[in-house]
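First to last, the sequence lines map onto chains A and B.
Each residue of the first sequence is one higher than the one before, counting from 100 in the numbering used here.
Each residue of the second sequence is one higher than the one before, counting from 100 in the numbering used here.
Keep in mind that the hints are not guaranteed to be accurate.
Claimed, not checked - With a cut-off of at most 25 Å between alpha-carbon atoms, the simulated DSS-like pairs for lysine-lysine come out as follows:
hint	chain 1	residue 1	chain 2	residue 2
1	A	Lys223	B	Lys358
2	B	Lys358	A	Lys151
3	B	Lys270	A	Lys223
4	B	Lys242	B	Lys151
5	A	Lys358	A	Lys409
6	B	Lys223	A	Lys154
7	A	Lys154	A	Lys175
8	B	Lys287	B	Lys264
9	A	Lys192	A	Lys175
10	B	Lys151	A	Lys223
11	B	Lys410	B	Lys358
12	B	Lys223	A	Lys192
To be verified - One side of the interface only, derived from the structure: several residues of chain B facing chain A at Cβ under 10 Å:
hint	residue
13	Gln108
14	Ala130
15	Phe166
16	Glu307
17	Ile322
18	Ala364
19	Met391
These aren't lab readings, by the way, just hints derived from the structure by calculation.
Glycine included, each C-beta is placed from N, C-alpha and C at the ideal position.
There are 2 protein chains.
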Amino acid sequence: MATAIPPQQPTPERFMNAISAYQQTEAMKAAIELEIFTAIAEGNTTVATIAKRCKASERGVRTLCDFLTIHGFLTKDGVEYGLAADAAVFLNKTSPAYIGGAIEFLLTPRVREAHARMVDAVRKGGSALGEGNMLADNPDWVKFAEAMMPLMVMPAQIMAGELRKGGEAYKVLDIAAGHGVYGIFVAKQNPTAQIHACDWKNVLAVAERNAQTMGVGDRHHLIPGSAFDVEFGSGYDLALVANFLHHFNPAVCTAFLKKVHASLAPGGRAAIVEFVPNPDRVSPPMPAAFSMMMLTTTPEGDAYTFREIKKMAKDAGFSRVEMAEALLGLDRMMVAYR
Amino acid sequence: MATAIPPQQPTPERFMNAISAYQQTEAMKAAIELEIFTAIAEGNTTVATIAKRCKASERGVRTLCDFLTIHGFLTKDGVEYGLAADAAVFLNKTSPAYIGGAIEFLLTPRVREAHARMVDAVRKGGSALGEGNMLADNPDWVKFAEAMMPLMVMPAQIMAGELRKGGEAYKVLDIAAGHGVYGIFVAKQNPTAQIHACDWKNVLAVAERNAQTMGVGDRHHLIPGSAFDVEFGSGYDLALVANFLHHFNPAVCTAFLKKVHASLAPGGRAAIVEFVPNPDRVSPPMPAAFSMMMLTTTPEGDAYTFREIKKMAKDAGFSRVEMAEALLGLDRMMVAYR
Numbered sequence: 100m101a102t103a104i105p106p107q108q109p110t111p112e113r114f115m116n117a118i119s120a121y122q123q124t125e126a127m128k129a130a131i132e133l134e135i136f137t138a139i140a141e142g143n144t145t146v147a148t149i150a151k152r153c154k155a156s157e158r159g160v161r162t163l164c165d166f167l168t169i170h171g172f173l174t175k176d177g178v179e180y181g182l183a184a185d186a187a188v189f190l191n192k193t194s195p196a197y198i199g200g201a202i203e204f205l206l207t208p209r210v211r212e213a214h215a216r217m218v219d220a221v222r223k224g225g226s227a228l229g230e231g232n233m234l235a236d237n238p239d240w241v242k243f244a245e246a247m248m249p250l251m252v253m254p255a256q257i258m259a260g261e262l263r264k265g266g267e268a269y270k271v272l273d274i275a276a277g278h279g280v281y282g283i284f285v286a287k288q289n290p291t292a293q294i295h296a297c298d299w300k301n302v303l304a305v306a307e308r309n310a311q312t313m314g315v316g317d318r319h320h321l322i323p324g325s326a327f328d329v330e331f332g333s334g335y336d337l338a339l340v341a342n343f344l345h346h347f348n349p350a351v352c353t354a355f356l357k358k359v360h361a362s363l364a365p366g367g368r369a370a371i372v373e374f375v376p377n378p379d380r381v382s383p384p385m386p387a388a389f390s391m392m393m394l395t396t397t398p399e400g401d402a403y404t405f406r407e408i409k410k411m412a413k414d415a416g417f418s419r420v421e422m423a424e425a426l427l428g429l430d431r432m433m434v435a436y437r
Numbered sequence: 100m101a102t103a104i105p106p107q108q109p110t111p112e113r114f115m116n117a118i119s120a121y122q123q124t125e126a127m128k129a130a131i132e133l134e135i136f137t138a139i140a141e142g143n144t145t146v147a148t149i150a151k152r153c154k155a156s157e158r159g160v161r162t163l164c165d166f167l168t169i170h171g172f173l174t175k176d177g178v179e180y181g182l183a184a185d186a187a188v189f190l191n192k193t194s195p196a197y198i199g200g201a202i203e204f205l206l207t208p209r210v211r212e213a214h215a216r217m218v219d220a221v222r223k224g225g226s227a228l229g230e231g232n233m234l235a236d237n238p239d240w241v242k243f244a245e246a247m248m249p250l251m252v253m254p255a256q257i258m259a260g261e262l263r264k265g266g267e268a269y270k271v272l273d274i275a276a277g278h279g280v281y282g283i284f285v286a287k288q289n290p291t292a293q294i295h296a297c298d299w300k301n302v303l304a305v306a307e308r309n310a311q312t313m314g315v316g317d318r319h320h321l322i323p324g325s326a327f328d329v330e331f332g333s334g335y336d337l338a339l340v341a342n343f344l345h346h347f348n349p350a351v352c353t354a355f356l357k358k359v360h361a362s363l364a365p366g367g368r369a370a371i372v373e374f375v376p377n378p379d380r381v382s383p384p385m386p387a388a389f390s391m392m393m394l395t396t397t398p399e400g401d402a403y404t405f406r407e408i409k410k411m412a413k414d415a416g417f418s419r420v421e422m423a424e425a426l427l428g429l430d431r432m433m434v435a436y437r
């Protein structure tokens with residue numbers, strides 16, 4: 100970046116970039132809503148043709164496409180725009196790996212407001228919005244289940260394959276199932292597995308639909324209600340606890356894992372999937388930064404280190420906890436043995 | 100970043116980073132408001148001592164400081180946080196180069212709302228908020244004048260020095276003076292220069308105060324009102340048109356430069372300061388990205404290329420326009436000769 104100050108001197112540039120970073124969020128959201136990436140994938144590569152396809156002004160399209168080029172999501176060659184490799188795979192609505200719908204969950208007004216009130220959250224040590232995202236039957240979790248599903252397919256496949264290395268599971272409890280794909284891929288990989296999926300009723304409807312679409316509907320059973328309150332039943336070989344613990348404080352997590360432990364058959368396992376920061380809590384960047392999302396949107400949640408999760412599981416009665424080698428996208432999987 | 104997908108395959112990571120980028124903005128804003136950087140500069144380096152100094156919870160401070168460390172504004176060594184070099188210079192409130200106050204202008208609710216409505220702006224080809232930031236006597240320009248001044252001191256010094264190479268200026272018109280520092284530094288470098296600063300009355304009060312504080316108050320004269328409507332007078336050696344043209348369309352800019360041209364003495368010059376993207380409009384990144392700020396916050400403004408500005412000035416009657424070598428931070432200076 101051009102600057103009048105010699106490079107060895109500090110400049111305000113990184114500060115300005117941080118202050119302006121929200122523009123990237125708004126531009127990505129606008130581009131998805133206007134279907135800019137899809138328009139380009141369809142062969143509309145100039146300002147005029149994109150504007151026509153997206154029902155927008157040429158001036159607006161030129162500015163947005165230039166902005167997306169500056170941030171690497173488009174290419175620009177003379178007057179023609181093209182898609183960067185990741186934009187082509189993930190942001191073109193007709194691509195099977197399209198994940199643009201994730202903005203519906205990741206950028207709800209409630210999540211944005213929770214972050215806008217970060218000063219209050221830091222002062223208080225928890226979401227400025229009280230229960231934050233944790234209210235029962237919060238419709239945002241339906242958005243989550245619908246919007247995040249495409250992002251979870253590959254991690255869920257890896258997870259199911261990884262778990263089979265420890266033996267087949269026949270009776271599986273899928274806690275806070277959401278989109279349901281973690282349990283669904285266990286069922287797909289083992290045609291004799293029965294999945295019992297627990298979540299709020301409105302969210303379970305999404306998991307049920309996905310199970311049917313993906314051909315395992317007859318082995319996908321529903322336990323509607325709060326995972327803290329419902330009766331799980333017993334005799335499970337495997338309990339999936341994916342992206343759940345981070346919403347709660349360690350004492351609540353430990354008590355909850357006791358309930359999970361009690362539902363397992365002898366020799367049963369719990370698969371705990373989480374963003375796991377290193378002990379320094381500042382690496383790797385994305386799992387570590389997830390702690391901020393939990394501060395702003397939950398009363399007492401956090402991104403937990405492996406040591407913290409191991410302690411919760413041990414305190415809940417599990418005999419040992421192992422970190423799986425495989426990476427599930429940005430998530431890690433830990434297996435706790437009854 | 101750890102990922103299960105081989106690096107040659109596209110991953111959703113950059114999409115997720117863009118969608119989450121607003122968190123950087125909120126965290127920087129929160130850290131400035133809570134005086135985290137100042138607290139650390141004062142020697143409070145642990146979560147407990149920072150929390151006490153900033154009247155915040157330990158959990159919140161830990162999460163915010165870790166987030167700022169992930170993004171490079173703090174360092175973390177065991178349990179002790181430190182300031183990155185730029186944070187120490189620019190974000191510690193007791194530093195003479197403190198610029199944290201810039202958030203008061205850069206992140207006004209109106210600017211944020213204008214970006215939140217980016218889809219409307221792209222459809223329409225201009226700010227979704229009508230006149231955007233361009234309303235007369237908009238108090239946000241007082242915030243601009245107050246908040247942005249520390250960022251402008253060094254560029255203004257460089258600019259004044261650069262302009263002296265072309266000869267001393269004795270009667271100087273400072274258009275849309277804002278904080279007034281461009282004119283003020285011309286006056287400071289030439290003790291015989293008289294500065295006539297034009298801006299809305301509420302904003303001019305800031306320039307006047309700065310001129311007095313910086314010892315040139317007796318040579319700093321005020322022309323209150325809209326630069327389009329007021330009478331500038333005539334016989335100026337130098338007119339400063341700094342960060343003004345980008346708010347308007349080329350026809351308005353050209354008409355305005357005619358008015359500036361008419362105010363100059365024979366041999367007079369206009370110094371036009373702007374963010375100037377290259378002809379490709381996608382580099383350098385920050386000046387090019389400024390086009391988005393103009394789309395969202397003005398009816399018809401833009402970041403103009405050198406060729407576009409040269410055309411406006413020529414059409415307004417200037418005989419030649421030259422780009423100065425010196426960089427004024429992210430701005431460039433062009434000199435238009437009567």
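Exercise for review: Just pull the numbers of the violated hints for me, sorted ascending.
Suggested key: Going through the list in order, the structure violates hints 1, 2, 3, 4, 16, 17 and 18 and respects the others.
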